[in-house]
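There are 2 protein chains.
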Amino acid sequence: MSKNLLILGGSGALGSEIITLFKNKGWKTISIDFRDNTKSDISISITSTNASELHRVEEILKSTNTKADTIVCAAGGWVGGNAADEGYLGSVQKMIDMNLYSAFGTAFLGSKFLNENGLLVLTGANAALQPTSFMIAYGATKAATHHLIKSLAQPDSGLPNNSTTVGILPITLDTPINRTAMPNSNFDDWTPLSDIANKLYEWSSIPESRPTGGSLLSIITKNKVTTYTPQ
Amino acid sequence: MSKNLLILGGSGALGSEIITLFKNKGWKTISIDFRDNTKSDISISITSTNASELHRVEEILKSTNTKADTIVCAAGGWVGGNAADEGYLGSVQKMIDMNLYSAFGTAFLGSKFLNENGLLVLTGANAALQPTSFMIAYGATKAATHHLIKSLAQPDSGLPNNSTTVGILPITLDTPINRTAMPNSNFDDWTPLSDIANKLYEWSSIPESRPTGGSLLSIITKNKVTTYTPQ
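Chains as they are written, first to last, in my numbering: chain L, 1 to 231; chain S, 1 to 231.
Derived from the structure by calculation, the hints contain no laboratory data.
Since we're looking at a predicted model, the values are computed, not measured.
Certain hints may be false.
The list cannot tell twin chains apart, which means a pair is met if one copy fits it or any two copies do.
[Stated by the list, open to error] Under the rule of at most 20 Å between Cα atoms (straight-line distance), these lysine to aspartate or glutamate pairs were calculated in the EDC-like manner:
| # | residue 1 | residue 2 |
| --- | --- | --- |
| 1 | K67 | E86 |
| 2 | K199 | D36 |
| 3 | K62 | E202 |
| 4 | K199 | E59 |
| 5 | K112 | E86 |
| 6 | K112 | D85 |
| 7 | K62 | D195 |
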């Protein structure tokens, strides 16, 4: 029987890459995002990650009797600025909506639809391991995500038995948007999306390869070589 | 010239206690809360801590040329439950609204109205120093608050020069609501509100007594003796 991958944020750069790879490996894919991923076996379009939209997704997945072996949150975003910036209060709301509600929402979907022995992956940020005054709302929402990852890894978190929750903490992903925003960077030190997709597939298909539950893995790429280091 | 205290959450149990003490010491007090604190010199009633309400508060304080030497976030709340609880998604929204928007909002007010050499205090939670699967949304929002405290303590955070940001991390406060909710507890191990009010007054009036900026202080009460331990 084929296995299922569910991604919140399945239409973004990282999410699309993961879906393509898992499909190529024979997995069935379920994408949830603000716009459809037409390459995904199932694609559910949502308008937000608030409770009513998540309950709508829940009904759709229940009615199709769909569960997942791996669930990933690839949704999120970045806004810079400190507490005195003109856009500060707007950045707070954006970061809470994009990073925090998506992480909490993925945990909700995990509690309902992750299979036993499944894998749940949330996206943190290596930068949030330290204070982040210059991107103050971003860092705080990612620190909350890190805490959520550790809580979800506890046995009484509401996730199914023998499931594993892991956090991936990228520095800079090699995406078209980032190349446009930072054209003079050294791309050899950015993490290729295919690298993360391959790593998630390894963890998904070989349970013994998974990091310990609750691990926060810094993804560090230097000279085109990527390492995953538990913090 | 008298000094000014501004509190977000000035009508709650902790906020009221702090306002009363600072008033008794000759400070002018500004309370911001969902309901008025009639004992406060200035009381601003808000309907939420979203951007439009905070900008309204900003206009009021600007028009009265009001600044503050100490700014405290005493707002917040608690909801339990793990990711599988029926009320999980509701608890996520409550905890983000009550704990996180209030903390970010206090930082906003700090960037606009804290005087140089001022003190900004946010309320974290001792429990959030560890994973909190049984109160999963609460812990994550308090972990975000801890991160925000550390970011605000950096020199380029947007707060005024020589200001100090500190986090207080209570375990259980001795409030009427908590006595009603947990009547069989040992109240000698709960922290009296007056104790925290006195400590905030000490830090406010004697700058040399302040903890290092960015400190997270666990407030531990045992047999009626309270200690403040940096984490």
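The hints, checked one at a time:
1. Proximity of K67 to E86 under the C-alpha cut-off of 20 Å is restricted to the inter-copy arrangement: shortest distance 19 Å between copies versus 44 Å within a copy.
2. In this homomeric assembly, K199 and D36 never come within 20 Å of each other (Cα to Cα): the closest approach is 24 Å inside a single copy and 54 Å across copies.
3. Proximity of K62 and E202 under a CA criterion of 20 Å is satisfied in neither setting, with 28 Å inside one chain copy and 57 Å between copies.
4. Proximity of K199 to E59 under the C-alpha cut-off of 20 Å is found in neither arrangement, the shortest distances being 31 Å within a copy and 51 Å between copies.
5. When the C-alpha separation of K112 and E86 is checked against a cutoff of 20 Å, the pair qualifies only between copies, where the shortest distance is 11 Å, while the shortest distance within a copy is 40 Å.
6. Within a single copy, K112 and D85 get their C-alpha atoms only as close as 40 Å, which misses the 20 Å cut-off; across copies the closest is 10 Å, which meets it.
7. In this assembly of identical chains, K62 and D195 lie within 20 Å of each other by CA distance neither inside one copy nor across copies; the values are 32 Å within and 52 Å between.
Hint violations for this structure: numbers 2, 3, 4 and 7, all remaining hints satisfied.
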